[in-house]
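Undergrad: If you want the building blocks of each chain, they are given just below.
2 protein chains.
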Amino acid sequence: MTTNLDKKIPLMEVFGPTVQGEGSVIGQQTYFLRFGLCDYKCVMCDSMHAVDPQQVKANAQWLTQRQIFEALYEFRSKQQHSTPWVTFSGGNPAIYDLQQLVDLLKNDGWKIAVETQGTVYHRWLLDCDVITVSPKTPGMGEKLELDKLDLFLGQFAIAGRYRDRLAIKMVVFDQIDLEAASMVFERYVRDAYGISASQFYLSLGNPYPPGTRDARASGVCLECGTPDLVQELVYRYEQLLPDIMQHPTLCRVKFLPQWHVLLWGNKQGV
Amino acid sequence: MTTNLDKKIPLMEVFGPTVQGEGSVIGQQTYFLRFGLCDYKCVMCDSMHAVDPQQVKANAQWLTQRQIFEALYEFRSKQQHSTPWVTFSGGNPAIYDLQQLVDLLKNDGWKIAVETQGTVYHRWLLDCDVITVSPKTPGMGEKLELDKLDLFLGQFAIAGRYRDRLAIKMVVFDQIDLEAASMVFERYVRDAYGISASQFYLSLGNPYPPGTRDARASGVCLECGTPDLVQELVYRYEQLLPDIMQHPTLCRVKFLPQWHVLLWGNKQGV
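Order-wise, the sequence lines are chains Z and G. All you need for my numbering is the position in the first sequence, starting with 1, plus 8. All you need for my numbering is the position in the second sequence, starting with 1, plus 8.
Hints were generated in silico from the structure; no laboratory data involved. We put the beta carbon where it would ideally sit given N, CA and C, even for glycine. Where hints are given, some of them may not hold.
Facing chain G, a subset of chain Z residues (Cβ under 10 Å, in silico) [unchecked claim]:
| no. | residue |
| --- | --- |
| 1 | Ile34 |
| 2 | Gln36 |
| 3 | Ile103 |
| 4 | Leu134 |
| 5 | Asp137 |
| 6 | Arg198 |
| 7 | Ala200 |
| 8 | Gly202 |
| 9 | Tyr209 |
| 10 | Gln239 |
| 11 | Gln254 |
| 12 | His255 |
| 13 | Lys262 |
| 14 | Phe263 |
Interface residues of chain G toward chain Z, partial, derived using beta-carbon atoms under 8 Å [stated by the list, open to error]:
| no. | residue |
| --- | --- |
| 15 | Pro217 |
| 16 | Val242 |
| 17 | Gln254 |
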């Protein structure tokens, strides 16, 4: 009989330590485990190499949960000192039952952050330290499935104290995305869900993820006019900020850049 | 008899809404009340206009706490919608007894963040929502008074649940600053103080605050070589990051840019 413990899971990358670039743990030093495959295929995905089944098939290591733990353990052992944080990213790590991996990591003293769109719930999520739920805005080019999000966040609501570990993060590009974020805010930032405005983050989207056109309109060197992604992102942040500051609900939330994109552009493995 | 309520306090600026640029509430939309005068005079202070007694004397409005509340209330009333957050900054706002102002603000539904170096404690600090304590590193050019910080943080330790509202933020420029930050980490990130590593932030210092030389060495347009403060800060962040990631204690903390400096350089009132 094949049990859950024998099941092999596609691991795309182990990397770090690096810094978390967005959301409630922005600036946190962390390792990353990037899992392959996703129930979504966002047009603006910045990690399509972990989403596209063909690329996952070609490049994933298929490992048991114990093997994934050992890969991370070995990876970290090369450092004399380093962060106790590991972030599960993807793809969507929540499509897998990772209870064994979480148990191994917690027994070894790790702190775990998870990034997921909130479409699939598993019990192991409650054992993680930070759960960042990123419902998709129209700008990301995928559907927002509120029925699934109801179920996902409902489980945290029922679990009581675990609710503090949740953060909702929505990637925004424009006013249409702000309306989607506002709708999610009004639905879930309520006593029934135990989620406060302080747990709600807007994250400025990267207009040029890997594989897209790279013609930057506005952010340029003031001297010579050369396009510059860092200046472009600063410019776009400033452009969107007034609409957020004057918005009846979104004026209460935090608005952040994707700091990793300013630091490293679209480079993988950092 | 002159009571506390009649006492006039120097207010330098009311501005916002803008975004908090650093520390635990980075990205939070907030108004700012900037108070005049400080018990310190950091060489690298980015708000010397609110510290230097001559400039305070020339430019402050001297107001009672009720007048300060009314000034903020009126300032916000020009906006149809806006953030419920106000941040007390300075100077050092904690040199004043602001209990009446805090009571007026809380009764009016405001959320209050405070920025202080942790040298002077007042009871009203416990009624605020976020207290960011910034002990000074050598790079800031002021003394680190651990005896005062012991007393300050000791009051929060005794107050129990209020401890979660604390964040320690240290501005760092180089390795010497990292050692000072590490010493503060080891002294206060302990059960006795109830402060966890998640409440500890490093903030990359601005090497060119108002009034200092402005010759940037490293961050330049890749095309024409023109110095660029944004690129300079991204470059300096990347340079310091490996030392933090390999540090026995600081590998556990969050390391952030001063996002407001990337957005607005040294512009006042944003």
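Undergrad: Next step is simple, just say for each hint if it's right about the structure.
TA: Going through the hints against the structure:
no.	hint	verdict
1	Ile34	7 Å, holds
2	Gln36	5 Å, holds
3	Ile103	28 Å, violated
4	Leu134	18 Å, violated
5	Asp137	9 Å, holds
6	Arg198	16 Å, violated
7	Ala200	21 Å, violated
8	Gly202	16 Å, violated
9	Tyr209	7 Å, holds
10	Gln239	6 Å, holds
11	Gln254	6 Å, holds
12	His255	6 Å, holds
13	Lys262	4 Å, holds
14	Phe263	5 Å, holds
15	Pro217	19 Å, violated
16	Val242	6 Å, holds
17	Gln254	6 Å, holds
Taken one by one, the earlier hints fail for this structure at numbers 3, 4, 6, 7, 8 and 15, listed in ascending order.
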